[in-house]
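Chemist: If you read the protein sequences in the order shown, they are chains G and Z. My numbering numbers the first residue of the first sequence as 8 and each following residue consecutively. My numbering numbers the first residue of the second sequence as 3 and each following residue consecutively.
Accuracy of the hints is not assured; some may be wrong.
Stated by the list, open to error - Here are the simulated distance ranges between beta carbons: (1) Lys253/G <-> Val245/Z: 31 to 41 angstroms; (2) Lys218/G <-> Thr144/Z: 36 to 46 angstroms; (3) Glu15/G <-> Thr144/Z: 53 to 63 angstroms; (4) Arg183/Z <-> Phe298/G: 36 to 46 angstroms; (5) Asn368/G <-> Gly90/Z: 27 to 37 angstroms; (6) Gln97/G <-> Tyr78/Z: 51 to 61 angstroms; (7) Ala207/Z <-> Ser400/G: 56 to 66 angstroms; (8) Lys69/Z <-> Gly43/G: 32 to 42 angstroms; (9) Ile75/G <-> Arg75/Z: 46 to 56 angstroms; (10) Glu190/G <-> Ala207/Z: 31 to 41 angstroms; (11) Lys181/G <-> Asp190/Z: 37 to 47 angstroms; (12) Tyr214/Z <-> Gly43/G: 23 to 33 angstroms; (13) Pro202/Z <-> Asn410/G: 27 to 37 angstroms.
Worth flagging that the hints you see were computed from the coordinates, not collected in a lab. By construction, the Cβ of each residue, glycine as well, lies at the ideal position given by its N, Cα and C atoms.
Here is how the chains run, residue by residue.
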Amino acid sequence: MSFERTQEKLKILADAAKYDVSCASSGSKRSNTSKGLGDATGMGICHSYTEDGRCVSLLKILLTNYCIFDCAYCVTRKSNDIKRAAFQVQEVVDLTINFYRRNYIEGLFLSSGIFKSADYTMERLVAVAKKLRLEENFNGYIHLKSIPGASDELMKEAGLYADRLSVNIEIPTKEGLKLLAPEKNREDFIKPMVKVKNEIIQHKSERKIIKSTPKFAPAGQSTQMIIGASGESDQQIMWTSNYFYKKFNLKRVYYSGYIPISYDSRLPQIGTDVPMLRENRLYQTDWLMRFYGFEVHEILNSEHQNLDLDVDPKLGWALRNMEHFPIDVNKADKFMLARIPGLGMKSVYKILQARQFRKLNWEHLKRMGVALNRAKYFLVCDSRDFERRDLTSPQLKSIILQNSTSKYHKVLSPQLNLFG
Amino acid sequence: MLISEEHILSYDGTFDGFLTAVFQVFEFKLKTVSFQRPESVQESLFGNTIEIVTDLEKADRVWKGIKSKTSARGSYRLYSSFLSEQSGIEIVLLDYMQQAFKSTVPIDSDFSNATVLKLSQIAKSVGREKHRMEAFVRFRLTNDGIYFATVEPDFDVLPLISKHFKSRYADQKWIIYDLKRGYGLYYDLEKVEIMQLALPDGFDATKTNRDYFTASELEFQTLWQDYFVSTNIKSRKNLKLHVQHVPKRYWKYLSEKLR
Ligand code: SF4
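This is chain Z alone, in the form it adopts within the complex (with noise of 0.2 angstroms):
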């Protein structure tokens, strides 16, 4: 075998795909790997691409290794990384992960390393996006009876935020759908479950229908509106401010801010 050579795996984009690769990695002792995603294929012509056939098991033994050498904010800090789908982040993490093995003692803390603190700030903007998306959320309530929200986040946030809707609309039905990636949550008043919905033709996301939404919701809607204009101090307005904390990429599924 050419040690030289580049080895390019290609993985079904989920986490345990990527595990899974990692486990390869060690395995066969791969030197120069690179990752692909199945949105991001190309033919690469140098190099010799492993197609990964995610595996559970194994998968588990890497996940299991590493969390015996982190601390669950460093491995928590692992997980939400990759959910930044930024192009390149399984080098970082693998190089995370081979130092994290290495070493005697844990190095999550390790603020002079480049690689800790490299992943600790993609970590940093992932969690940024999954308060906003615990904030911005707003929900609606359909004819079904259920709470239905649509987001667009920069990440690929839902995993990470599940358990804060969970535990905080136990009582009511509710969906939260990335209409960016296709998918979405849906809570059964049970369990939370990972969801496609066909979307009617020519549904729009930031219109309120009566076909789809109850004759109150709009009624709601209006009310907070005016909340949120009654409850501005004009004195103090200070619009760069606001735009600061509620970019305007966030607007479009604002209620209060659909007007």
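Extracted from the complex, chain G is given alone in its bound form (with noise of 0.2 angstroms):
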């Protein structure tokens, strides 16, 4: 491949691709049996940060950036005026070994603007991750962007030889879609992700019986909103993505905080800021719907319609609802020990675990590494001694807000730090 030539290409095709935030490379199971190259059982490791903070695990690229379509939101949208290229498939596999092969990534996510069709551009996407596994013998993670409109036996085939898939639906309501994306319905994007659903599901009950069924797609579908481009409340954020968990199995949902990108009246301005804290308390919310037991609606409901930014989502449904507290950790289930304001869900387990040895008091669990300074207000344990002011939720609120500036200002990121 002639260095310089691919040199620009990729400039490009990354440039354009940064906007999707997903950047997981894990729950795939993907070994290597024969000798090949690379694995893809572990848990997906971040091989560097960028200097915004974001894992960089995989070979983020567009196959090209032509696209026939003109979404408001994309900076790939027709109508932009901008430098277009498109890679070749080879150069695409070459890339992505030479970068494997140094230990640079996991694998490859690639994307695409959607040039001639959607047929025609998901053809090319997937004949990249055959070349991958069948000529190159290769292991890796691979992330193939699912095109809204492929067809049926297209996105099968993708399946094959993805790890993962996914379809941005970008747009959380369907009026700001159709205000921001009129060319495009969600059938269309929500048509390959049941294709794909139901081929997962198949494929699982087939290799119940037959244990030589391929692997369909082995680390799931996702999907990501932009955030803040149509006006939308955080409750339409999220019972959207809880409905999309619900009834398309998705591993995750990403969340995107909207950066400027055009001066298009129908979105914010260039210079407006990436609303990032909000962005952070979406994914908080998410984690307490997929790993604390919580339903949405306990979180945002009609009286409850956007997260407070100044606490977190927990601690804010803690507020809310004194009467559940304090609680006791030698009694308390796991379920109700995941409610208590500052306390992980490691530490769960840990209070779990040397609970069994003896009755914990507040130098156990100290000892123990949780964070107690906002706990404490929450909890009791073997201890006479536990904060028994009757204090109000607005009281406890400027408390605990007071205690932890520091904590506030803390620095910012979607995919760690959530509870820390």
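Both chains are given apart, each in its own frame, so use the hints to dock them into the complex.
Modeler: Below, the structure written as structure tokens:
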């Protein structure tokens, strides 16, 4: 491959792909059995971090940034005056293999603008994955974008070679989509999602009977929503998210604070701040739903349509539901422990294990590394010493905020530091 | 024998050597002991130095014993904390083992126990270093067709990462060389071996010199550096977070940082 040409293309097509925030490379269990290259059995590794603090795990590029559509929120849109480029299938294969061999990446995340038609584009994405698997014996991670409107046959083939497939719904509400991407309709996004979901279920049940049934998208499906481009509420976002988790068994929903890229009057103007704190709160809510046993309507409902920016959603919930507290750490079950503000799941499991040996007191909790500065208002343990003042929610909130200013100003990251 | 006398167990610095020393402690019911590695030899005026000769059989007996008393996680925790090379780590390990042998239930998850907690914390930082190495190793293709990486980990983690790299890079020869400790892992397409290199005079591990590395090596490094720049979103810049994830001491061997 000609170095200069490839270099130029890589710059353009990596730049255009960076707005997709998904970086996960875990959950695949594709092992290296035939002494080939790579394996994707583990947790997924962040090989580096960008200067904005995001994990670099996959070579994330577009196959091309030519596109026949004109979605207002997208840099690749047809009417945008930018440099265009297109990779050849073999170029992407070579880049992936050579980056992988040097331990730069866990694999490839390939997306694309839509050129000619959905199927024509999807076909090429599939060709890259197929080549990597069959010709290069590559067992690293492959994430392909499902192109809205692609045929069932192509989606089926894609799932045979890819670990993960994703369709970005981008705009959380139907109305927003109509406004910002009038040429697109929701059904086009949903159709490939349904196909992949059904294939995953079918392959899984066949594998139970015939072990040699090939794996189908073993790391599942994900999607992404843009936050703050269409005036939606947090409730609308998270209820949509919840719907997609439940309905399509999605592995992940990503939330991407809108980065102003256009002077289009339908959108926040260039220079507007990226809503990073809001994005972080949405991720926290997402975690509460997936790992902490919260139902979405407990956190967001018609009385409470937007998340507090000054406190995290778990603390917010606790302050609105003081009747559940204090919780006894020596008696409460996992789900109630998980609801104590300041307590992460790791601490919850440590408590569950350690309390089998003895009743826990403050000293024990402290030694185990449980962060007590906020938890102490919400729990009792084996000690006569506990918060006795009958504080109202606003009083408690202001005490906690005063004591944790440093925490509040802490560096924000969408993927990590969720409840640290 | 004076009961209160301190015994200094001088061993070769290996894990087996340490386990042999532990065997002696149990065998002779030694009460007050301290451990000494070759690099930390100091003449002690008080106390009685015992030279430990590493004995694989004895080491094995101790290890089997401890494995029957702890979970797989617990024994891994012991081994990986040993690799922290922290001064005094042997005493903590010995304490842990003695408690484990005494207790009727596995003590691994007793996080309100100070020794268990301490060891799990040390093991955690070793584990973090292991993950960092799995992430931050950067191979460069040499003229001999070997993918070569140099590292200087905070702890002696090469033994812990060997398996990961072997299963991942099964079809290429590779070397991961710890410059700080002067040894490396070499995978020859069959097995991983411990090796020592006589590095050429004036060899600068941070430079990609054509004398040693292929012509395309520099091109791929450039492409990777470009990628690293292009994939960054400037309006979200957060250098503090960046440095928190990739502490500066690791930059030296990260291709994307060599500009
Ligand atoms: S179809 Fe995709 S790439 Fe094309 S403008 Fe819309 S969002 Fe962008």
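Chemist: Could you tell me which of the hints above the structure violates, numbers in ascending order?
Modeler: Checked against the structure, the hints that fail are numbers 3, 6, 10, 11, 13, while the rest are satisfied.
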